[in-house]
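There are 2 protein chains.
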Amino acid sequence: MSEAKDNNGRGSWLTFRPEIKVLDCTIRDGGLMNDHRFTDELVRKVYRTCVAAGVDYMELGYKNSKDQFPKADFGPWKHCDEEDMRRIVGDNDTDLKLSAIADAEKSDYKTDILPKDQSVLDLIRVATYIHQVPVALDMIQDAHEKGYETTVNIMAVSTVHENDLQEALELLAASPVDTIYLVDSFGSFYTEEVKELTKRYLKACKATGKQVGIHTHNNQQLAYANTIEAVVNGANQLDATMAGLGRGAGNCPLELLIGFLKNPKYRLRPILECVENDIEPLRGSMHWGFDLTYMLTGLLNQHPRAAMSHLGKDEKDRDSIVKFYDEVMDV
Amino acid sequence: MSEAKDNNGRGSWLTFRPEIKVLDCTIRDGGLMNDHRFTDELVRKVYRTCVAAGVDYMELGYKNSKDQFPKADFGPWKHCDEEDMRRIVGDNDTDLKLSAIADAEKSDYKTDILPKDQSVLDLIRVATYIHQVPVALDMIQDAHEKGYETTVNIMAVSTVHENDLQEALELLAASPVDTIYLVDSFGSFYTEEVKELTKRYLKACKATGKQVGIHTHNNQQLAYANTIEAVVNGANQLDATMAGLGRGAGNCPLELLIGFLKNPKYRLRPILECVENDIEPLRGSMHWGFDLTYMLTGLLNQHPRAAMSHLGKDEKDRDSIVKFYDEVMDV
Numbered sequence: 604m605s606e607a608k609d610n611n612g613r614g615s616w617l618t619f620r621p622e623i624k625v626l627d628c629t630i631r632d633g634g635l636m637n638d639h640r641f642t643d644e645l646v647r648k649v650y651r652t653c654v655a656a657g658v659d660y661m662e663l664g665y666k667n668s669k670d671q672f673p674k675a676d677f678g679p680w681k682h683c684d685e686e687d688m689r690r691i692v693g694d695n696d697t698d699l700k701l702s703a704i705a706d707a708e709k710s711d712y713k714t715d716i717l718p719k720d721q722s723v724l725d726l727i728r729v730a731t732y733i734h735q736v737p738v739a740l741d742m743i744q745d746a747h748e749k750g751y752e753t754t755v756n757i758m759a760v761s762t763v764h765e766n767d768l769q770e771a772l773e774l775l776a777a778s779p780v781d782t783i784y785l786v787d788s789f790g791s792f793y794t795e796e797v798k799e800l801t802k803r804y805l806k807a808c809k810a811t812g813k814q815v816g817i818h819t820h821n822n823q824q825l826a827y828a829n830t831i832e833a834v835v836n837g838a839n840q841l842d843a844t845m846a847g848l849g850r851g852a853g854n855c856p857l858e859l860l861i862g863f864l865k866n867p868k869y870r871l872r873p874i875l876e877c878v879e880n881d882i883e884p885l886r887g888s889m890h891w892g893f894d895l896t897y898m899l900t901g902l903l904n905q906h907p908r909a910a911m912s913h914l915g916k917d918e919k920d921r922d923s924i925v926k927f928y929d930e931v932m933d934v
Numbered sequence: 604m605s606e607a608k609d610n611n612g613r614g615s616w617l618t619f620r621p622e623i624k625v626l627d628c629t630i631r632d633g634g635l636m637n638d639h640r641f642t643d644e645l646v647r648k649v650y651r652t653c654v655a656a657g658v659d660y661m662e663l664g665y666k667n668s669k670d671q672f673p674k675a676d677f678g679p680w681k682h683c684d685e686e687d688m689r690r691i692v693g694d695n696d697t698d699l700k701l702s703a704i705a706d707a708e709k710s711d712y713k714t715d716i717l718p719k720d721q722s723v724l725d726l727i728r729v730a731t732y733i734h735q736v737p738v739a740l741d742m743i744q745d746a747h748e749k750g751y752e753t754t755v756n757i758m759a760v761s762t763v764h765e766n767d768l769q770e771a772l773e774l775l776a777a778s779p780v781d782t783i784y785l786v787d788s789f790g791s792f793y794t795e796e797v798k799e800l801t802k803r804y805l806k807a808c809k810a811t812g813k814q815v816g817i818h819t820h821n822n823q824q825l826a827y828a829n830t831i832e833a834v835v836n837g838a839n840q841l842d843a844t845m846a847g848l849g850r851g852a853g854n855c856p857l858e859l860l861i862g863f864l865k866n867p868k869y870r871l872r873p874i875l876e877c878v879e880n881d882i883e884p885l886r887g888s889m890h891w892g893f894d895l896t897y898m899l900t901g902l903l904n905q906h907p908r909a910a911m912s913h914l915g916k917d918e919k920d921r922d923s924i925v926k927f928y929d930e931v932m933d934v
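Residue numbers (the working numbering), protein chains in the order written: chain A, 604 to 934; chain B, 604 to 934.
No wet-lab data here; the hints were simulated from the structure.
Be aware that a few hints might be false.
Which copy is meant is left open, because identical chains are indistinguishable; a pair holds if it fits in one copy or across any two.
To be verified - Below, a list of computed lysine-lysine pairs in the DSSO-like style, where the Cα atoms sit at most 27 Å apart:
| id | residue 1 | residue 2 |
| --- | --- | --- |
| 1 | K868 | K926 |
| 2 | K802 | K916 |
| 3 | K926 | K648 |
| 4 | K719 | K624 |
| 5 | K700 | K669 |
| 6 | K865 | K798 |
| 7 | K865 | K802 |
| 8 | K919 | K648 |
| 9 | K865 | K809 |
| 10 | K624 | K798 |
Pulled out of the complex, with its shape left as it was, chain A reads as follows:
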């Protein structure tokens, strides 16, 4: 399997693309399963692990609106206030860059995102549905002018018409954004589709020197496979989470991805330690990961909310998977 190609265009085992960057979003995507209520100790463990593992970016959480999401109802990683971040990372005197993500139409970005010289954040990521692209463009412009690196994550792209996607890619390619992410929100893409879409995103990005990123979900046990498929086809910014911790079926596991990548700056051992000692023990209270219900919503290219609601019930009140199947198939 090849990150890089040799002179004959063949995959090479012992080379790597130095452009590849890994972004750990354990706390950010995992926060969707516990209203962002992680202990400071846990967040610090993940932070220190990312530093030790040579990961390029760590995403701490959201920069979303305190009006829409009151502080009393959520843990600190829904808003990523400067004081909360600094309690964990100090001035972040490390090579690890820090990021937060802001949802289009859910973020008071103009006020809540500080100028970069007043923040420990390095990267602002903008999450947008296709119809919100005009808002996203303003958010990108705002963060860019404040001095941040920026990415844009076009969500639920498996439900978007080809022409609309093409137009969105063209608009975003003309913006100052550094990276455009291919996002498999519903975990519904097969590997072949990831290949085609990665090529399409790359084509849109090429003229303006932008990178393509990949963010996957594991509804059909393809999160890792789809991530490395994107790598092989040229994606250079890769999202992953420890033990796959993330919404619903979870994300591409960081430990698998680091095992795959050849750049010697990455180290697997600290990640294994954190997964075993700090992340896996959360499974008792946070139920993420592959499940037949997620497989079914993924197969149907649906938001996982029906599956999450099914799994949120006490086991004794939960319908059988066959009943769930009959319900979701009755579309």
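Start from chain A and add chain B according to the hints.
Just chain B now, with coordinates in the frame of chain A:
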């Protein structure tokens, strides 16, 4: 994602290749985790589910030597005696074909495999390491002459030199075997390698009209991804197990594969029912499925026995994953 291609060579969503056959090996591969001691009730449930789901073949177990593997030490599916099989399937008056697998140098095949007209079995599969190919060829000839369909599964091919593999493929292509299986015994193949190998197996099979099969393990969470990669590249005989039940990290989950395949003869609902009611409850006593230890042996292209031994210990006696990592990395 495409099983078939349209006239322009593009993947098509609404067509399928009727040549594709699915083989359920839940009881056979799963038997490696419990010395083949399943209750008759469980085997009957899996059998009835395969019939209801339109699966093409069900593998009941091994045809291995009673001298080497005494009956007292194993459940009935180590030997697949005719009376044991008939207790479950009667005369198997269904469209489901039945198979058993025999290991080269571990099977008294000349005596233990009956002529086909005296057996409920339809298919004899021969499992061989590369150095046993001469034995495998004799086993294939024997089963073929007795009236069976035959396949050959070349195991541990990730450790085989290219030239040796080529020679083995040429020898097997000249035999009466119907299908040659690409087998990822150690769960170490990446998707790109499966693509290349599938093409290579197909090339060897083409002249003699044989099919290529695929049998994967989930050490790196790629069992399903690698199976559909083989399908897209032309493999037509596909092994899978319910809930991925199988040795170590387990196999390609049948429910995912059936969700992917478009042939209307396949039905997902009965499989979901069996997985939920009959297979998942076995997890308490049989510990199969992805684990970081299997990821490490897969990454290192090693037999999973070190991981199985690690996981076989009581939790309190088990070393940390970091200690396991240090040990397996010290090669």
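Quiz item: In ascending order, which of the hints set out earlier in this document are inconsistent with the structure?
Solution: Number 2 - this is the single hint that the structure violates.
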